[in-house]
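Participant: Start from the sequences and build out the full structure, keeping to the hints where you can.
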Amino acid sequence: MAVVREKGYAHWDGSLAERRFPWLSITRTGIRLAFRKKGFKLALASAFLPAFVALGGLYVSERLEDFKGLVQSNRALLKIDPAYFQLFLTGYFQYFILIVVLSFAGAGLVAEDLKHNALQLYFARPLSKGDYVLGKVSVVAFFVILLTGLPWILLIAFKLIFAGNLAFLAAYPWLPLSILGQTALLTLFFGSYVLLLSASSRNTRYVIVLIFGVFYFSSVLSAILRGIFRSPLMILFSLPENLRQAGAALFGGKLPHAVPAFWSFLVLAGICGLAAAVLARKVRSVEVIK
Amino acid sequence: MTVRSAAREVFGFFFVLGRRTGRTRTFALLGLIPVALAVVARVFLRGRSGDMAAVSTEILMVFFLQFYIIILALFYGTSIAAEEVENRTLVYLITRPVPKPAIVLGKFAAYTALMGGMTALGLAASFFILNAARVGDPALWAAFFRYLGVLVLGILAYTAFFAFLGTVLKRAIILGLVFGFGWETAIQYFPGSTQRFSIVHYLKSLLPYRPGSGGGRGVALLLFRLEPTAPLLAVLALVGITAAFLALTCVLFRAKEHLSED
Amino acid sequence: MTAVISAVKLSKWYGNVLGLNDVSLEIEAGITGLLGPNGAGKSTFMKLATGQLKPNIGTVAIHGRRTWNAPDLFRTVGFCPEPDAFYEDVTGFEFVAGLLRFYGFPKKEIGERAERALDIVDLAKDKDRLVRGYSRGMRQRVKFAQAIAHDPEVIILDEPLSGLDPLGKRKLIKLIKGFKDEGRTVLFSSHVLPEIEALTSRVVLVHQGKVLAEGDVPYIRELIEAHPHMISVRSSDPRRLAARFVGDPAVLKMTFGADGRTLVVETRNRDHLFAGLTAAVVEAGIEVEEISSPDDNLQAVFEYLVGK
Chain S
-8 MAVVREKGYA
2 HWDGSLAERR
12 FPWLSITRTG
22 IRLAFRKKGF
32 KLALASAFLP
42 AFVALGGLYV
52 SERLEDFKGL
62 VQSNRALLKI
72 DPAYFQLFLT
82 GYFQYFILIV
92 VLSFAGAGLV
102 AEDLKHNALQ
112 LYFARPLSKG
122 DYVLGKVSVV
132 AFFVILLTGL
142 PWILLIAFKL
152 IFAGNLAFLA
162 AYPWLPLSIL
172 GQTALLTLFF
182 GSYVLLLSAS
192 SRNTRYVIVL
202 IFGVFYFSSV
212 LSAILRGIFR
222 SPLMILFSLP
232 ENLRQAGAAL
242 FGGKLPHAVP
252 AFWSFLVLAG
262 ICGLAAAVLA
272 RKVRSVEVIK
Chain V
218 MTVRSAAREV
228 FGFFFVLGRR
238 TGRTRTFALL
248 GLIPVALAVV
258 ARVFLRGRSG
268 DMAAVSTEIL
278 MVFFLQFYII
288 ILALFYGTSI
298 AAEEVENRTL
308 VYLITRPVPK
318 PAIVLGKFAA
328 YTALMGGMTA
338 LGLAASFFIL
348 NAARVGDPAL
358 WAAFFRYLGV
368 LVLGILAYTA
378 FFAFLGTVLK
388 RAIILGLVFG
398 FGWETAIQYF
408 PGSTQRFSIV
418 HYLKSLLPYR
428 PGSGGGRGVA
438 LLLFRLEPTA
448 PLLAVLALVG
458 ITAAFLALTC
468 VLFRAKEHLS
478 ED
Chain F
310 MTAVISAVKL
320 SKWYGNVLGL
330 NDVSLEIEAG
340 ITGLLGPNGA
350 GKSTFMKLAT
360 GQLKPNIGTV
370 AIHGRRTWNA
380 PDLFRTVGFC
390 PEPDAFYEDV
400 TGFEFVAGLL
410 RFYGFPKKEI
420 GERAERALDI
430 VDLAKDKDRL
440 VRGYSRGMRQ
450 RVKFAQAIAH
460 DPEVIILDEP
470 LSGLDPLGKR
480 KLIKLIKGFK
490 DEGRTVLFSS
500 HVLPEIEALT
510 SRVVLVHQGK
520 VLAEGDVPYI
530 RELIEAHPHM
540 ISVRSSDPRR
550 LAARFVGDPA
560 VLKMTFGADG
570 RTLVVETRNR
580 DHLFAGLTAA
590 VVEAGIEVEE
600 ISSPDDNLQA
610 VFEYLVGK
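Protein chains in written order, with this note's numbering: chain S, -8 to 281; chain V, 218 to 479; chain F, 310 to 617.
Just to be clear, a hint being listed does not mean it is correct.
[To be verified] Stretch by stretch, here's where chain S covers chain V in the computed footprint (C-beta under 8 Å, at least three residues):
(1) 255 to 263
(2) 382 to 395
[To be verified] Residues from chain V that keep clear of chain F, each with C-beta distances beyond 10 Å, as calculated:
(3) Ala330
(4) Leu357
(5) Gln405
(6) Val456
Since the hints were derived computationally from the structure, they do not count as laboratory data.
Small disclaimer: the values here were computed from a predicted structure and weren't measured.
Beta carbons: idealized from backbone N, C-alpha and C, even for Gly.
Facilitator: Spelled out as structure tokens, the structure:
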């Protein structure tokens, strides 16, 4: 049989071996593509702002004498305890900046594949649906962990370094676990949320609007319903408020609203379940057009 | 073809096209959520007409003014140029005897008509469901048309601004979101004339109530630290913003080459 | 003949990448093929010619009018782009008719023109299906339909045959050839050599943003004197034939074919070789079954020009 060698094409003579983690290449590519977008680096840099502000607060708390004037007016802010970490990690700015970064990095994850009919290319390789979803979710997870878990665990380390002893960790041994728990919650939620919306359209611009819009519309809706029904249960319609409730429960702090935290966890789990169902339906190698 | 006649044809083409897309249906449904809320409010606030009036005039306007028209204008405004470039369909328009400004003007008209329709429908239905008892009152109709006018002016101004952003920048939508939900909200905390560097200031200046007029939390939210501009000036400012950004968009769109990323 | 499409010292940069390099070209009425590999600059030239891009240096004009920001020019120009991009939420008919609106035709005429164009490309029975549901070939044909629906005098086609099946290609080739008979000007691009050869003998060869050659294929071939001609002779006794040529200084190289009956001769003087061949047939009685020029085709010409 003639061997086709024109234009440099040649069959691979070696043996083919399956990669151990086939989804990892999807993750690496997704992260690399995010960094190529103009403005993304600025958004990512801005996302570390809360961590730097908190770092400043940690430093000041260990040097109270030097910052007497500042301390007098802001004593409450400089009390370094789990509530300090909860304040930043479950604050509105944290969610806002996460949404901005994930709009850059995550909006096109599935939408672009749907637009360019690239799913067939993925599944023509030894890659399962699970690998595909895991690879895409990992891109979101990378950025969430980079902006939440990683800096905040480092901040605990800085606190210990500034204090020069382990007293803080002895006083609050479960704090690192709370931070990891909050990171896991945000990773799971935002991974599901972003992929759910990305899979719902082929237009990345529309997905970006949805990511922002649905998140903030839920707050508006919740506010309207609270105005009508005057019941705290209406916060369950608000995604940011559910995240705050769940976060407060993880930090063992006071819940922002008079609603059991379990309900908020249930709402967030519902979003994850919906995402799984939509992805199972949308991510397939063959598309039927009627 | 003159710019006017070409714009008319572009309007016709994109008005029909715009109506058909799934996104328009989604946005239209979003605009009907206040209607559902109005029905819910009527059922649960039966007999409390003061509360219902408060819900309609304040809370719904928060939804429409500070969320819905911004989202609509952001998507459709940036779509005027960006959509054609992303979808690589601009070539079909540029290789026709259609002046480039006519493409901008025609699409602007088509999309603002769609947005106006969706907004009017949602607002009218929810407003009159909540104020059903006063349907015969001319003052109520005057208030309704004033609200509608504010929202329409807002749609025009925001869409023109976002159309300009979409022509100038590749990732206009994110900057637009930061502007619409960041700047427009944060500006109210700035003193003096700083507020006048926003579109929402002029829209709020046209609302049919003033700071301190009472009415509940919604009003307070909308008019927080508002130092209103006189209504006529506010209208002129909004018309001016619309005309200026639309003109800039036309000039830039005509002068610029539009290359798709691939 | 006056040029319909003319480019004078045309250059175009994409950032630091040179898309088109000092191209001066005149395209006359009839069918002209723009040939070059992917990335040669064919689409760049077409985008400049259709006013989608602005030249960095030089000019490009149709009927003497520069194409950048000259919408009126497109009354008589039709363009079929290469990308597979459409307004997906409309039917084939609505797509073609919708774009016809921009010419100012009356409503009835728009409908008639759209139907006619879709009929020409065999999409009449699928005209009411959404473009989103069209196959690759159908999408290519509806793209072609929108380019010709307004009866343009100048038709510019970027890879018009891509995505079509062999039957579809044949039909479109026949259609395009018909345009020449109607006196229209067609400029089309392709990187598939047989397609160009099927449509026209007038080509412009483009490579790395430069025009390597333009004109009729045989004429271009004649110009390439630096490269020897190849003549293939199939005969009953190729070795005896070869023996007659081996002493001829005009013959550079001889190769025997695998079939044992073919002799391929490389020579700088084709006429001299043919004279020798005639003599061989007459004097030596060698039966010649077939004579052909393997390199008198576009592929060979192109390969010579790009130095492959």
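Participant: Take the hints in turn and mark each one as holding or not.
Facilitator: Hint check results:
1. 255 to 263: Held - the segment 255 to 263 of chain V has 4 residues with a Cβ nearer than 8 Å to chain S, which meets the minimum of three.
2. 382 to 395: holds (count 7)
3. Ala330: Consistent with the label, Ala330 (chain V) stays out of reach of chain F, its closest Cβ about 17 Å off (over 10 Å).
4. Leu357: At about 39 Å from chain F, Leu357 (chain V) clears the 10 Å cut-off, so the statement holds.
5. Gln405: holds (40 Å)
6. Val456: holds (28 Å)
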